[in-house]
Amino acid sequence: MSKPAVMIIDDEKVVGDMSKYHLEAAGFEVETFVDPAKALDRFREKSFEVVVTDLKMKGIDGMEVLKTIKSLAPKSQVIMITAFAHLNTAIEALRGEVFDFFPKPFKIKEFVESVRRAAERAQA
Amino acid sequence: MTIKRTLILHGVIIIGLLALMGMFAVHDVGTLTTSSRYMEIQEGLNASFLQMRLYEKNYFLFKDDQAMRDILSIIKAAGKTLDSFSDAMIPAIGEAKYQALRNSLSQYEHEAQLIAESGTRDVVAETTLREFGRRLLELSTRLTREERAKIDKIITKAKRGMLASFLIFLVLAVFLTPLIYRRIFSSMKKVTMLARDISKGRFRIIDGKVPDDEMGTVITAMNSMSQELRLREDELVQSKKLGSLGVLTAGVAHEITNPLNNISMIAQTYQEMYDMLPREKRIEFMDQVLGECERIRAIVVNLLDFAKPKVASFSPGDINEVINRTLGLVQNMLDVSDIEVHLDLDSGIPTVNMDKHQINQVFVNIITNAIQAMKPGQDLTIRTTTTEKRDEVHIVIEDTGKGMSPETLSHIFDPFFSTKGVDGTGLGLSVSYGIVKNHSGTITASSEVDKGTTFEIHLPATPQMEDTDE
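Top line first, the protein sequences correspond to chains A and B. Following the numbering used here, the numbering of the first sequence begins with 379 at its first residue and continues without gaps. Following the numbering used here, the numbering of the second sequence begins with 8 at its first residue and continues without gaps.
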């Protein structure tokens, strides 16, 4: 069985870079993007089990990414990260069928664990 | 000396002069009246005496007896006139001259009486009577001549007096009066200029020595008012700044969250993967941490710089630079509210003599208002241009928000006017207005409900050096 694929979209490059270390160590195949438009183009070529996206980004925001992913691949799971720790946004995001939600700064171990569960659900 | 005292003294001098002139005039007119009354009587007497001399000739030459009777009746009439008008004559010519005239007439009367009674026409009687007649007429004519000379003298004296008074008044009017008014007007001018400046928001004070008079009191009062206003304005600017700080802090908190999360993720990775990381990677990680720290430092410095109270200091600067700096402060608010900013900055605009912090605050105030008036997805346009003569810089900040009614629009620059209830201080735009006025500029707003609001600021450009190339 091939490695589960994880896509990380955040205009803060460090988020993708650092997540990649941990997720690859945990046995995932990881691709990172700082431009959500490019990420969605890539998603149309290749399906990812898990998509991690920032909520507020220039151009296309996290909610739009979520809608597009769900329409392209309903089984793929989306994890949202954001610097805006508003509860409202979190609830709204969850209602839009987000798998999990991480306000920055977050613990990478918990994050990796969440990705693992998301991948399991996607493959189920 | 106070203005009141100066004016009183001025008045006293003029009234004194007038009273003196009046006194002389009344005296002269009194003398003239007496003289003219006397002259009237005297001229009547002169005519009678001439008549008498004519009758003498008739009596002696033409042997006319009736003539002597006529002479006696003229003498009687003249004597009656002299007696009954002594009150009018004595004040004019004096007792001595009056008595001389009276005696001379009596002498003549006595001689005429003797002749009339005796009926003689001898040479001795004739010579005596004619001599007395001649003396009487001569005295009477002399008195008339003297009185006329006296009248002429009085008139000349009155004329000279009036001319002198007129000259004194002229000197007063030309030299002394303007001296007093110039003093008042120069102070008035200073106060008026200050009042005009204060109304334009330039709270300066009148320099130089304050005069020790009523205008000095006004100047002192105006100066302290201006200083008080300047102090209040600084307080207003500061309170508004602290008001916007609350709004900015939310954005800043988020802005700090990103580098903080980056540091956190790098640290967690460093800790977890330490053994697996090559030396260069570890160094690269720490460099990244330092870079993120620098990001946080810049944000905090920017915020502190904005919050710090400052004395206004003007220097030529680039408006576009200030706009970019403002955007750095409000970028996160814009991101949070999902407002897209369109910049159309003319890179060729002239510099503006300004206090960059104050102008920055004006932009922060207008942009935060715009953000609060807009829904996610709406646009904010910021444009800078210059005039053809390059003597002004125009800044246009245009939002596509909910706009304002004309009624609201007419009050937006009033202090403490707010449409935001407890969330607004109502000072943002009034402070902005004051700041722009202080820069000798103008700020205007136009708005349409549901279409958006446009703020236009005109600031004078730093005066350019004359072109030296011919």
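It should be emphasised that the hints constitute simulated quantities derived from the structure, not laboratory data. There may be inaccurate statements among the hints.
Okay, the calculated beta carbon distance ranges per label pair [what the hints assert, rightly or not]: (1) B/S231 with A/G437: 51 to 61 Å; (2) A/G437 with B/M232: 34 to 44 Å; (3) A/G405 with B/D294: 27 to 37 Å; (4) A/D413 with B/V318: 44 to 54 Å; (5) A/S380 with B/A260: 34 to 44 Å; (6) B/A228 with A/K436: 23 to 33 Å.
Lysine-lysine pairs mimicking DSSO-like chemistry, simulated, CA-CA at most 27 Å apart [unchecked claim]: (7) A/K434 with A/K416; (8) B/K166 with A/K436; (9) A/K391 with A/K436; (10) B/K87 with A/K485; (11) A/K424 with A/K453; (12) A/K487 with B/K382; (13) A/K434 with B/K409; (14) B/K288 with A/K391; (15) A/K436 with B/K382; (16) A/K381 with A/K436; (17) A/K445 with B/K458; (18) A/K398 with A/K381; (19) B/K288 with A/K398; (20) A/K436 with B/K458; (21) A/K381 with B/K409.
Don't be surprised by glycine CBs; every beta carbon is placed ideally from N, CA and C.
For each hint, the structure was consulted:
Distance hint check: the CB atoms of B/S231 and A/G437 are about 58 Å apart, consistent with the given range 51 to 61 Å. Look at A/G437 against B/M232: about 55 Å separates their beta carbons, and that is not inside 34 to 44 Å. For A/G405 paired with B/D294, a C-beta distance near 29 Å keeps the hint of 27 to 37 Å intact. The hint said 44 to 54 Å for the Cβ distance between A/D413 and B/V318, and at roughly 46 Å that hint holds.
Distance hint check for A/S380 and B/A260: the Cβ-Cβ separation is about 42 Å, which falls inside the suggested range of 34 to 44 Å. In this structure the supplied range 23 to 33 Å is violated for B/A228 paired with A/K436, their Cβ-Cβ distance being about 58 Å. Taken as a hint, the A/K434 and A/K416 pair is honoured in the structure, with Cα atoms around 16 Å apart against an allowance of 27 Å. With a C-alpha separation of about 101 Å, the suggested pair B/K166 and A/K436 falls outside the 27 Å cut-off, and the hint is violated.
Distance check on the hinted pair: A/K391 and A/K436 sit about 14 Å apart at the alpha-carbon level, within 27 Å; holds. A hinted pair counts as satisfied when its Cα atoms are at most 27 Å apart, and B/K87 with A/K485 does not qualify at roughly 146 Å. Proposed proximity of A/K424 and A/K453 is supported: the alpha carbons are some 14 Å apart, at most 27 Å. Taking the CA atoms of A/K487 and B/K382, the gap is about 37 Å. The hint is violated against a cut of 27 Å.
With a CA separation close to 24 Å, the supplied pair A/K434 and B/K409 stays within the 27 Å bound. A hinted pair counts as satisfied when its Cα atoms are at most 27 Å apart, and B/K288 with A/K391 qualifies at roughly 16 Å. Between A/K436 and B/K382 the CA atoms are separated by roughly 17 Å; this keeps the pair inside 27 Å, and the hint holds. As the CA atoms of A/K381 and A/K436 are separated by approximately 31 Å, the hinted pair breaks the 27 Å bound.
About 30 Å separates the Cα atoms of A/K445 and B/K458, which puts this hinted pair outside 27 Å; it is violated. In summary, the hint linking A/K398 to A/K381 is supported, as the alpha carbons are separated by about 14 Å, within the 27 Å threshold. Restraint check: the Cα-Cα separation between B/K288 and A/K398 comes to about 14 Å, which is no more than 27 Å; the hinted pair holds. In summary, the hint linking A/K436 to B/K458 is supported, as the alpha carbons are separated by about 25 Å, within the 27 Å threshold.
Simply put, A/K381 and B/K409 have alpha-carbon atoms about 51 Å apart, too far for the 27 Å limit, and the pair is violated.
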